[in-house]
Every structure is written in structure tokens, then in C-alpha cells.
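Colleague: Spelled out, the chains give:
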Amino acid sequence: MTNCTMDWTPTPSQTTGPYLHLGLTDSRSISRVANPGANGERVWITFRVLDGEEAPVPDAMIELWQANSEGNYEFGDGTSDGAAFAGFGRMATAEDGSCTFETIKPGRVPGPRETTQAPHINVSVLGRGILNRLSTRLYFAGEPANATDPVLALVPEDRRATLLAQQDSNRAGGWIFDIRLRGESETVFFDV
Amino acid sequence: MSSPLIPAKGKPSSGLLSGFRRHEPGTQPDSFYPAYRATRLRAPSQPLIFLPHTLSEMTGPVFGHSDIRANDHDLTVQHSGEPLGERIIVSGRVLDGDGHAVPNTLVEIWQANAAGRYAHAKDDHPAPLDPNFTGTGRALTDDRGFYSFMTIKPGAYPWRNHDNAWRPAHIHFSLFGPAFVTRLVTQMYFPGDPLFAYDPILQSIPDEKARQRLVSKFDLDTTTPEWALGYRFDIVLRGRVSTPLER
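Keeping their order, the protein sequence lines are chains E and Y. Numbering of the first sequence is given in this note's numbering, commencing with residue 1187 and proceeding in unit increments. Numbering of the second sequence is given in this note's numbering, commencing with residue 1220 and proceeding in unit increments.
It should be emphasised that the hints constitute simulated quantities derived from the structure, not laboratory data. Certain hints may be false.
Label pairs and their in silico Cβ distance ranges [what the hints assert, rightly or not]: (1) Y/R1240 / E/P1242: 49 to 59 Å; (2) Y/G1318 / E/T1301: 47 to 57 Å; (3) Y/P1413 / E/E1343: 20 to 30 Å; (4) E/E1227 / Y/F1269: 41 to 51 Å; (5) Y/S1285 / E/L1340: 48 to 58 Å; (6) Y/P1266 / E/P1242: 53 to 63 Å; (7) E/E1288 / Y/F1251: 45 to 55 Å; (8) Y/P1413 / E/P1242: 33 to 43 Å; (9) Y/R1240 / E/P1336: 34 to 44 Å; (10) E/N1225 / Y/P1322: 40 to 50 Å; (11) E/G1369 / Y/V1296: 28 to 38 Å; (12) Y/D1362 / E/T1302: 16 to 26 Å; (13) E/G1223 / Y/N1383: 48 to 58 Å.
To be clear about the criterion: a stretch of chain Y counts as covered by chain E if any three or more of its residues have a C-beta under 8 Å from a C-beta of chain E, and this derived list gives those stretches [unchecked claim]: (14) 1257-1264; (15) 1289-1300; (16) 1327-1340; (17) 1343-1353; (18) 1359-1373; (19) 1408-1420.
Positions of the beta carbon are idealized from the N, C-alpha and C atoms, including for glycine.
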């Protein structure tokens, strides 16, 4: 048994398979990361997951984890946001590969060595054909702080645009973030 | 229908946070594994970019008892009648990379029924559905990291990955742990399954010892006399680079 051999190497990951909805989203999805009472600029972010042939991925799941509007991850009991802000969301993609979350734009979070990170949302992509959860980050196009973000600085300049959500011209407060799993304009994924 | 899952609060005590250890080569699947066909269009072709851990990676959602209903851990009592199949108890501990318990963490499972059919609209395998089995469970680990589910043993089922492809019987597991980087979704298998060698999803893990970590052990200690067989499945999440002082 694991306990007896003192082997604490982490358990391997496996794909969710195509029926993840049964366990994770049918009655357990969270599309609203920030409830109406939460402070901050309200945004609706539409994710679209595409495969290596630019076809929509209809059986993926997106999870979000983000700071509150003050750039704080210690929300919850002691803060003004209280239960209004979950910080976490998850949704399955629809037939067109998309899903839309309601949240607030996060504040700036401290980074390494006295830096401050630009507003960003931590994103996981899981699904059939994805053996290891994929991690990426969503930044907001046009945000001045992006220029000094210590994580964006790690990304080759010609690929940074894959991490920028774009404003949706059809919807006030709407943003669009395409995730390309593979191919020429593949999204940057991180080794976290 | 259950209430939506709402995280209780963000992770406290950031003052003690340190980064998490990286995986040893070979102990996790190869993301691009052509024998598992779906990876050919869904695995990144570019190398991942190494991200030093910041607060964003070292914190994560926290769930509480309000997220769990009374029968969530017992998949055999969620309907008016009993599901068909071999009753089993799947239990174990959730530990971190130093062997310490991971208490109060959410464990979610889903699985096929005894005939190898999922209660899912898109599963068209011509095996019977069981009106008394949905195949969904969840639990929180206790103070010592223990979890336990009562369920029925899932059947193997065919899939269309290659000619005459069958998945070994398995239960899907989803865990959060203390941070964004400790998130784990995996599958638990049953000992001695002859399908292991033919399953590209399990074989995508290069190291044989690592593959064995996904195989549960038959356990007489948790077997309930005249009721259910016990299987033990311990799960190890990533540990911290340097463990802060306890308490």
C-alpha cells in the first residue's frame, strides 16, 4: 500500500473522458464567479475552445480561479465581499465549444520580487483527449499593467496575444477568450 | 437536483505559502500520446512555459460541508431502488507529497453502471441503463484525510479509439487540494484487469510504477461481511517545496 512503502510521488493525472458532465457540471457548474453583491467592474467572459483543426471542442470543461477586485485571494469570511464572491467557476463547453462566465475584473495581485501582476484569471482546461489538465491565464487586452506583468514577460512576445481576452463589441462588459489547444496560433499553456 | 457548488472561501494563511514541487519525469501522462487518438488534435504542440509559483498558483478554492448532501457518498441509495451490480466500498486517504493528510478537501467521482453504461445522453453503448444508478458521488476528506464511497463496481465498456477498443473498468476522481496547482482529475482502476495492457489512456503514463498508483488494492479490512467488497485507493497530491512549520 502507498502508506507502507512511503511512496508519496503524486498520483498521475488522467483525462476526464467525454462524460465529465455527470460528475462535474450537470448539477455542479458555477457560471457566476461573482454574485451581484460583489465589488468590482462586472464582466461576462465567453470562452471558446478549439482543437488543432480549429473545430470547436464540445466536451471540454473550463475552470476559473481569480482574485477579488482588490487583488486579494483571502476573500471569504473576513472581507467585505463575503459570500458574494466565489473566486471559482466551472462550466462545460457547449456544442459550439463555448461557455460564458459572469464575474468581476480581478485586481492586481503581488508577484515575485516586489512586482505586481496585471489583472488576470487562472484558467484550467480539462476534457476528453486532455491527459494532463492544461493551465493558462487570461489577461485583458488594453490593460496598461500588462506591459509590466512578470508572467507575461516570460512569454515570447509573438505569443502573448494568445493570453489576451478581447472586448466583445456586441456586449457592454463582454469579453471573448479563444483557447486554441494545438496548432499555429496555439494558446500559451504554463507548466505550473 | 442538488444546489450549485459554492466555494466557502479563499484559502487563508498566505503568510505560510511556499511553492509546490514539480513532477518527476515519467510519473505523469505524455500529453501528446498518438495511440490515444483524441490527443492528436487536443494536446499542445509547443512546450509549456515554466511558471514560478505566485499567489495565483498557491491559493485555491475551498469547499465545505454545505457542498455535500447526506447521500452523496453512497451511490447505492440515491434512487428508490437498489442498483444492480457488485456492491463495493472505495476508500482511502488523500495525502500530500510529504505523506501528510489533506483534510477537508472535496473528492468528486463519476462512473459507468455495472453494465458499462454511463447515465449520460451521449453514451450510446447498447448496454442497459440502470434506473437506480446515476453514478455520481462526492465527499469531503475528514481530519485525517480519509474519504469513503459506497457504490457498485463499474463495467468495462467499448470505445471507438481503435479496433475492438475497451476501457478497463474505472472510476473517475476529481480533487482540489489546497491550491490551483494541486488540482487533480484522474481515474481509479481495479486490480488485475486484463485490459490494462491495451488501454492507451493508462499506458500514456510512461513509468510502470506510476501506472500502478492508479490501481486500487482489494482490502479485506474495509470489506463489510455479507455486504460489500472493499477497495483501497490512496491519492497523493503535490507537496510544497519546503513544508512550513506545522501548526
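Colleague: When I compare C-beta atoms, does the segment 1257-1264 of chain Y have three or more residues closer than 8 Å to chain E?
Modeller: holds (count 8)
Colleague: Would you say the C-beta atoms of E/N1225 and Y/P1322 sit inside 40 to 50 Å of each other?
Modeller: 31 Å, violated
Colleague: Okay, the segment 1408-1420 of chain Y and chain E, do three or more residues pass the C-beta test at under 8 Å?
Modeller: violated (count 1)
Colleague: Could you see if the CB distance from Y/P1413 to E/P1242 stays within 33 to 43 Å?
Modeller: For E/P1242 against Y/P1413, whose Cβ atoms are near 37 Å apart, the range 33 to 43 Å holds.
Colleague: Quick one: are E/E1288 and Y/F1251 within 45 to 55 Å, going by C-beta?
Modeller: 34 Å, violated
Colleague: Can the suggested window of 48 to 58 Å be confirmed for the beta-carbon pair E/G1223 and Y/N1383?
Modeller: The hint (48 to 58 Å, Cβ to Cβ) holds, given that E/G1223 and Y/N1383 are roughly 55 Å apart.
Colleague: If you look at each residue in the segment 1359-1373 of chain Y, do at least three have a Cβ nearer than 8 Å to any Cβ of chain E?
Modeller: Per the Cβ count (0), the hint is violated.
Colleague: Starting from the range 49 to 59 Å, see whether the pair Y/R1240 and E/P1242 falls in it by beta-carbon distance.
Modeller: 36 Å, violated
Colleague: Just to be sure I understand the hint, the distance between the Cβ atoms of Y/S1285 and E/L1340 should be within 48 to 58 Å; is that true here?
Modeller: The hint (48 to 58 Å, Cβ to Cβ) is violated, given that Y/S1285 and E/L1340 are roughly 39 Å apart.
Colleague: E/G1369 and Y/V1296, beta-carbon distance inside 28 to 38 Å?
Modeller: 47 Å, violated
Colleague: Given as covered by chain E, does the segment 1289-1300 of chain Y meet the bar of three residues or more with CB within less than 8 Å?
Modeller: Check failed, 0 qualifying residues.
Colleague: Evaluate the given range 20 to 30 Å for the C-beta pair formed by Y/P1413 and E/E1343.
Modeller: Violated, at about 51 Å.
Checked against the numbered hints given earlier, the structure breaks hints 1, 2, 3, 4, 5, 6, 7, 9, 10, 11, 12, 15, 17, 18, 19 and satisfies all the rest.
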